[in-house]
Every structure is written in structure tokens, then in C-alpha cells.
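J.: Sequence:
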Amino acid sequence: MPELAPALHAALADFAAHERVLVALDFDGTMSPLVDRPQDARPLPASAAAFEQLATSPGVYTAVVSGRNLQSLNQAYPEPRPEICIGSHGAERLLPEHLGALWHDEPLSTKQLQLLKELTGRLEQIAAAHANVTVEHKPSATVLHVRQAAPDTALKALAQAKSALQQLDGVALLEGKAVLEATVHHGDKGQSLQWLREVLDVQAVLFVGDDVTDENGFKVLGSADLGIKVGAGPTVATYSIPSPAELPDLLNILIFMRH
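Using numbering that gives the first Met the number 0, read the sequence shown as starting at 0 and increasing by one per residue.
Just so you know, not all the hints are guaranteed correct.
Claimed, not checked - Here are the simulated PhoX-like cross-link-like pairs (lysine-lysine), alpha carbons at most 20 Å apart as the crow flies: (1) Lys-176 with Lys-218; (2) Lys-116 with Lys-161; (3) Lys-161 with Lys-176; (4) Lys-155 with Lys-176.
Claimed, not checked - FRET-style restraints, in silico, Cβ to Cβ: (5) Asp-104 with Ala-4: 34 to 44 Å; (6) Ala-9 with His-136: 42 to 52 Å; (7) Gly-58 with Asp-35: 34 to 44 Å; (8) Ala-12 with Lys-116: 48 to 58 Å; (9) Ser-162 with Gln-190: 21 to 31 Å; (10) Ala-130 with Val-198: 39 to 49 Å; (11) Leu-172 with Pro-150: 14 to 24 Å; (12) Gln-190 with Pro-77: 27 to 37 Å; (13) Thr-119 with Ala-12: 42 to 52 Å; (14) Phe-255 with Ala-127: 46 to 56 Å; (15) Ala-158 with Glu-117: 11 to 21 Å; (16) Gln-113 with Ala-12: 45 to 55 Å; (17) Glu-82 with His-258: 12 to 22 Å.
Treat the hints as calculated values from the structure; they're not laboratory data. The beta carbon of each residue, even a glycine, is placed where N, CA and C say it ideally should be.
Work out the full structure: start from the sequences and follow the hints.
T.: The structure is reproduced here in C-alpha cells:
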């Protein structure tokens, strides 16, 4: 079997010992290496295969919990995908029938739709004024992407966006790696994980993520849970792995421990 740091291996064994568990993975920067263009992202084949196999283990539920909207996630993550896919930081949820009955997707109000139109217009103006800065549209949010821009241009565009949007009441700003998301939906990955914990009635949750927005997921984890940060940077997660390349090893060890 592959080797993990001894402390992480022991924590994984403690997690695997629970009868019913949820294994939730972020997508970009976790299942897929980060890429310049979001549409070019794909899960590492070894990660996708191990995640699919893990889902067949008795008592194991699997889910992707992503900031991507579901349409974008479906395009970037070829089938087979997990039955549970959380998109747009929780605003969108693709669920099996027995869970779908427990989730009520409320449409945006007239006020929220107007607010989304306003913030989108402001971000589109900023993107048009800077080379290689783009916007992505989601059902309840708009995202400014600066990964392809020159560093000084990226910083300037992000600063202008924050300044232009911070006074809009009802807009939440989510800062990630080379992105700024402005949303009128105020859910996050932590709330999504808590909801899944309750409806699946699991005893422990494993969450793996790499970005600033994944910290909302790590913050809700308890003593029986396991949070793993991918890559460097400050985090409240207890453990870390260097890059997405190590995720298949982690998943395969967990598969081994569950059999």
C-alpha cells in the first residue's frame, strides 16, 4: 500500500472504523489539478476510479462538494460521477431520489434577481477593462476569474471588484485562488456538509479541499471527523497532503481499510 504520514494514516484508520461515513471531495485543486481555464479541468483518472470504487463500500457515502455550478461540474467531471453532487457552494444539489425529497430548492426572489443583475453588470465592466480577466455566470452568482491575467492586472481587477461590490446589501463575496465570487445565495460548503451529515445519518465526515472557500467545510468538522487540506497555505484542517497527485493514495488506503 502507498505510504501516508503516520499521523494521517492513524487518523484515517480511526475514521474508517466508523460504521457509516461520508467522504466528500472538492473538485478544482483536489480531484483535478488547478488549470488556467476552468473548462479544461478534469479529475485525475486515478482519483475518479478510486472514488467510484470507494462508493461501493458498505456504509460509505461519497459526494462532490464544489464551488462550480452543476452544469460546469458535469462538463468537467465525466461519468460516472457520485450520486451526490453539491454545486455553487451549496446553492445547487444533484441528489438521489430519497434525498431529493428532503431538499427544497427555493427560486431567487425578485430582489435577489435584481441584485444578481446589478452585481453581474459591475463585474462584466471590470472584466472588459482588464486583459485576460473573465466572468463566469452561475444561477445565483457571478465569478470574476483572474488566473490568466498578469499578476498586477489580477490584483487591480480583484481590488476594483471588491470595492464595487462591498456596498451592495445582500451580496456575499467569496474569495478563492485567483477568483472572486459574488453571490446572492448565502450558503457555503460547511452548511452543505452539515446537511449531508444529518440526512445521511453518518457518524463521521471526511472532507478534502484546497481553497479558501473550503475552510467553511473544515470549520464544521468535529472530533470524529477528518479534514484534509490539499497544498500549502493557512488552514483549520488538521492534516494536509501536498497536491492532488496524492489523493488517489489516500482514497485507496481508505478502500483497503474498509474491506
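J.: Lying within 21 to 31 Å: is that true of the beta-carbon distance Ser-162 to Gln-190?
T.: holds (28 Å)
J.: If you check the beta carbons of Ala-9 and His-136, does the distance land in 42 to 52 Å?
T.: holds (44 Å)
J.: Regarding the pair Lys-161 and Lys-176, is the alpha-carbon distance no greater than 20 Å?
T.: Holds: Lys-161 and Lys-176 sit about 15 Å apart, inside 20 Å.
J.: With respect to the beta-carbon atoms only, verify the hint that Asp-104 and Ala-4 lie 34 to 44 Å apart.
T.: Cβ of Asp-104 to Cβ of Ala-4: about 40 Å, so the range 34 to 44 Å holds.
J.: Quick check: does the Cβ-Cβ distance between Phe-255 and Ala-127 fall within 46 to 56 Å?
T.: Given about 52 Å between the Cβ atoms, the range holds.
J.: With the threshold set at 20 Å, check whether the alpha-carbon distance from Lys-116 to Lys-161 stays at or below it.
T.: holds (16 Å)
J.: Is Lys-155 close enough to Lys-176, meaning Cα to Cα at most 20 Å?
T.: Holds: Lys-155 and Lys-176 sit about 15 Å apart, inside 20 Å.
J.: Holds or violated: 42 to 52 Å for the Cβ distance of Thr-119 and Ala-12?
T.: holds (47 Å)
J.: That 39 to 49 Å hint for Ala-130 and Val-198 (C-beta), does it hold up?
T.: holds (45 Å)
J.: Does 27 to 37 Å hold as the CB distance between Gln-190 and Pro-77, or does it fail?
T.: holds (28 Å)
J.: Using the Cβ atoms, figure out if Gln-113 sits within 45 to 55 Å of Ala-12.
T.: holds (52 Å)
J.: Would you say the C-beta atoms of Gly-58 and Asp-35 sit inside 34 to 44 Å of each other?
T.: Because 39 Å falls inside the window, the suggested range holds.
Hint compliance for this structure: no hint is broken.
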